[in-house]
Amino acid sequence: MASVMFSRRDLLKAGGAVVVSFAFGGSLPRHLDAQTPATGKPLDPSEVDAFLAFHADGTVTVYTGKVDVGTGFRIAVAQMAAEELGIPAQRITVVDGDTGVCPDQGGTGGSTGLTRGGADVRQAAATARQALLGLGAARLNRPANDLTIAGGEVRPTAGGAGVSIAELVGERRFSLKVDAKAPLRDPRQYSVVGQPLPRPDVPAKCSGRHTYVHDFTLAGMLHARVIRPAAIGATLQSVDESSIRGIPDVRLVRIENFLALVGKDEWSVVKAAGALKTTWSEGRPLPGSDGLDRWTRTAAIDRDQTVVNRGDATAAIGSAATTVSATYFWPFQSHASLGPCCAVADVKGDAATVWSSSQGTHGLRANLSKVFGLSVDKVRVVFLDGAGSYGTNGGDHVAADAVLLSKTVGQPVRVQWSRQDETGWDPKGPQQLLDIRAGVDAGGRIVGWDTQMWLPNQTGGARALLAAEASGISQEHGTGAGAITQNGDPPYQADNVRVMVHWTKEVPLQLSNLRAPGKIANVFAVESFTDELAAAAGVDAVSFRLDRLTDPRAIEAIRRTAQAFNWQPRKSPNPRTGEGGVFEGRGIAYMRYKQAENYVAIAMDVAVRPATGRIEVRRVVCAHDCGLIVNPDALKNQVEGCIVQTLSRALHEEVTFDRARVTSVDWASYPILRFPEAPQVDVILIDRPDQPLLGAGEAATAPVAAALANAVFDATGVRLRTVPFTQERVKAALAVDRKSTAVL
Amino acid sequence: MAKYAFRLNGRAVSAESWDPAQPLLYVLRGPFSLHGTKFGCGLGQCGACTVLMDGKAVRSCMTPISRAAGHAITTIEGLTTNDTPHKVQAAFVAEQAAQCGYCTSGMIMTAAAFLSATPSPTIEQAKAGLAGNLCRCGTHTRILRAVVRASKA
Chain A
1 MASVMFSRRD LLKAGGAVVV SFAFGGSLPR HLDAQTPATG KPLDPSEVDA FLAFHADGTV
61 TVYTGKVDVG TGFRIAVAQM AAEELGIPAQ RITVVDGDTG VCPDQGGTGG STGLTRGGAD
121 VRQAAATARQ ALLGLGAARL NRPANDLTIA GGEVRPTAGG AGVSIAELVG ERRFSLKVDA
181 KAPLRDPRQY SVVGQPLPRP DVPAKCSGRH TYVHDFTLAG MLHARVIRPA AIGATLQSVD
241 ESSIRGIPDV RLVRIENFLA LVGKDEWSVV KAAGALKTTW SEGRPLPGSD GLDRWTRTAA
301 IDRDQTVVNR GDATAAIGSA ATTVSATYFW PFQSHASLGP CCAVADVKGD AATVWSSSQG
361 THGLRANLSK VFGLSVDKVR VVFLDGAGSY GTNGGDHVAA DAVLLSKTVG QPVRVQWSRQ
421 DETGWDPKGP QQLLDIRAGV DAGGRIVGWD TQMWLPNQTG GARALLAAEA SGISQEHGTG
481 AGAITQNGDP PYQADNVRVM VHWTKEVPLQ LSNLRAPGKI ANVFAVESFT DELAAAAGVD
541 AVSFRLDRLT DPRAIEAIRR TAQAFNWQPR KSPNPRTGEG GVFEGRGIAY MRYKQAENYV
601 AIAMDVAVRP ATGRIEVRRV VCAHDCGLIV NPDALKNQVE GCIVQTLSRA LHEEVTFDRA
661 RVTSVDWASY PILRFPEAPQ VDVILIDRPD QPLLGAGEAA TAPVAAALAN AVFDATGVRL
721 RTVPFTQERV KAALAVDRKS TAVL
Chain B
1 MAKYAFRLNG RAVSAESWDP AQPLLYVLRG PFSLHGTKFG CGLGQCGACT VLMDGKAVRS
61 CMTPISRAAG HAITTIEGLT TNDTPHKVQA AFVAEQAAQC GYCTSGMIMT AAAFLSATPS
121 PTIEQAKAGL AGNLCRCGTH TRILRAVVRA SKA
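Chains as they are written, first to last, in this note's numbering: chain A, 1 to 744; chain B, 1 to 153.
Some hints could be false.
In silico DSBU-like pairs for lysine-lysine, Cα to Cα no more than 35 Å straight-line [as the list claims (entries may be wrong)]:
1. K3(B) - K277(A)
2. K277(A) - K41(A)
3. K3(B) - K731(A)
4. K264(A) - K152(B)
5. K264(A) - K127(B)
6. K264(A) - K407(A)
7. K731(A) - K181(A)
8. K370(A) - K348(A)
9. K505(A) - K594(A)
10. K41(A) - K505(A)
11. K177(A) - K264(A)
12. K127(B) - K152(B)
Keep in mind the hints are simulated off the structure, nothing from the lab.
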């Protein structure tokens, strides 16, 4: 159970600046050894008691099925509850993702942590508020309308003695349905929501005392490493047990093609895993990552799907004065969590407790129960923090490894994936190929826009767990990667628009949702292409966009970015060399997330070194509008992270694989951005207290790659249309005619 | 089993190991239950397992226990000897320079060693000083701010 206690000192705030008094050395209170699922606590999300527990000491526990994966979700949801309840945020403890005590609110994805998770808690708190006012009215013998809640007390609005919430309900249940119509506090009166309260987990993370799933231990627990096949889908032909003779206290566990080493001493297990000699059959042949864009274009198609169709784009483009077209490609990418995934499982008969950093503990519980023949009502998945996951990384797989091993050896088992396991075997974000064509009339109006996407097929059902697959257990084979077709249409005025998806039959690597699924590549294509249209028309990139937008929030996001960036209107490209012969330029990109949520505009300054092909991003400016802001500092942290992480993905990241297996398996073969490349990042938050709040864990990722490509084009005249923009690729591109429009 | 004596967070300790090549990381996290030092790659590529050996930053995943013997090891838990945070820890908290926080221990240990050698770094020097440490969440700008803040503390 990941629970967080706020200390009053942690939450001190003075003069607008965040001042933190360090609750040092104090580890967070946890109840990690909870074994049995049945606590009797209501879990039905229609019940107030599913979300809230009021304690006799005046503190409140909030339970939520959504989890904090380093995003600041816990502090934000505590603020939302505090605001409705009239209880200081520091008296609220958030327990997230423990299926034994937290209601199922769906997985933590799609930026729904606050929009669903937080909103459910808020409505339960608003319902509780009305009930508390009623209880207070009876106790104080005054009409409820004359009462308010502040400082943890129900008291007369006009002043006078009140009664504490603890006294009214402490340790008792409400037994009350959540009232969808319970009035919410007026945002104009907010005093907690909107404050940059520091995250309660940060001090313990800085003192080394925060408990990650990697740090959790149980009495009698064994350590384990799983030996993955030499090729995807290969079968195990032989194991040479003599190869690990001499390594003390290590047991080999084999179930068909599932092979693992277990033992009391972690190092013995790690050493044995490295020493063990095995032979494997050939696997399922893969297309290989070399030339994957061409493979994708010619792959057999399962079906075509039109996802946007307004007017007749084909006809409009056919009769347009000018036609522009281009092709963009985004490779497979890994979540590449900094800490390889880990899980602990304790299986006893058909019951189990699993400690996991999964972003979807309820879903994992259901799937583990089904696959491994456990009674779902006797399975509890307890969330503990992991390394940032950014979607479904190897966390569900490692939990399955642990369950299978604990079930087999009859003891609690901790499985720690290796670096190569995590980078090689985490489910991947898919490759994406896009063709875009547009027709423009003599006046510059976009009369037709057509996006064609080639994407690996999406079939329903749970993702196949590696442990079950290897051990011959039947299971589902879903290939879902999230809502990967969104944002394929332009956010700009265009008379006729079509977005069509060609779903390829073959899915080369196992897929999952990777941060802002699909939308990063789609916006890369759409916003690069928009820049190409602006350049072809000889119009400034900001003006081109503003001229084709009417939504004031969109316009403001772009204007605020341009203003903070000191954007000077002019045509692009504008090749000019600065100090040391580097090319310097600027680019901008804009999008509205899912065409329905956040408005984000990003501009950046880059320098390109022709001798090496190295791109240096010097400064990034981002205006971000996600409606009502709950915690501006935690939000800024997310937006900054979205930007820097996506720069890494755009500059460096590509999963490579040969005919047999993934070959990018560590930080040398799957490099990510390092500190010397870190740009200055200036984030402008546009707060809209009168608008619904929107999730912010993903949106700012989407315009990054296009802004980067647009800046490189501005600097060099060379258009990069294939990610990643590695030094080799950029150098090669600069070597050819800079005016060439060939796909680079 | 061979016994290896060293100083750990100011105390004289010893650890037994059947393997002189056993990385210090597993000794710290296992018998000593010091979980602040993180396993990130086991390859010396990411810096999550950074500790101080005689005041210098080293990768505990690449430091055999036999090499640590006779030296003074400091982990994140021992960076301060009382309840007052080290200036680098205080700066990281003040800047809220963490997201998932998995790299944070290694970042702080690297930064502490770096600032001992370079007390007043420029931002470019700070970037170079942290070049061997990876952050996947993209918290780089805040971490750099924290290092600069610590240098002024």
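Against the structure, the hints come out as follows:
1. K3(B) - K277(A): With Cα atoms ~30 Å apart, K3(B) and K277(A) stay inside 35 Å; holds.
2. K277(A) - K41(A): violated (49 Å)
3. K3(B) - K731(A): Violated: K3(B) and K731(A) sit about 54 Å apart, past 35 Å.
4. K264(A) - K152(B): violated (46 Å)
5. K264(A) - K127(B): Not satisfied, since the Cα-Cα distance of roughly 40 Å exceeds 35 Å.
6. K264(A) - K407(A): holds (17 Å)
7. K731(A) - K181(A): With a Cα-Cα distance of about 60 Å, the restraint between K731(A) and K181(A) is violated, given a limit of 35 Å.
8. K370(A) - K348(A): Holds, at roughly 16 Å.
9. K505(A) - K594(A): holds (25 Å)
10. K41(A) - K505(A): violated (46 Å)
11. K177(A) - K264(A): With Cα atoms ~48 Å apart, K177(A) and K264(A) exceed 35 Å; violated.
12. K127(B) - K152(B): holds (17 Å)
Going down the numbered hints, you'll see the structure goes against 2, 3, 4, 5, 7, 10, 11, while the others check out.
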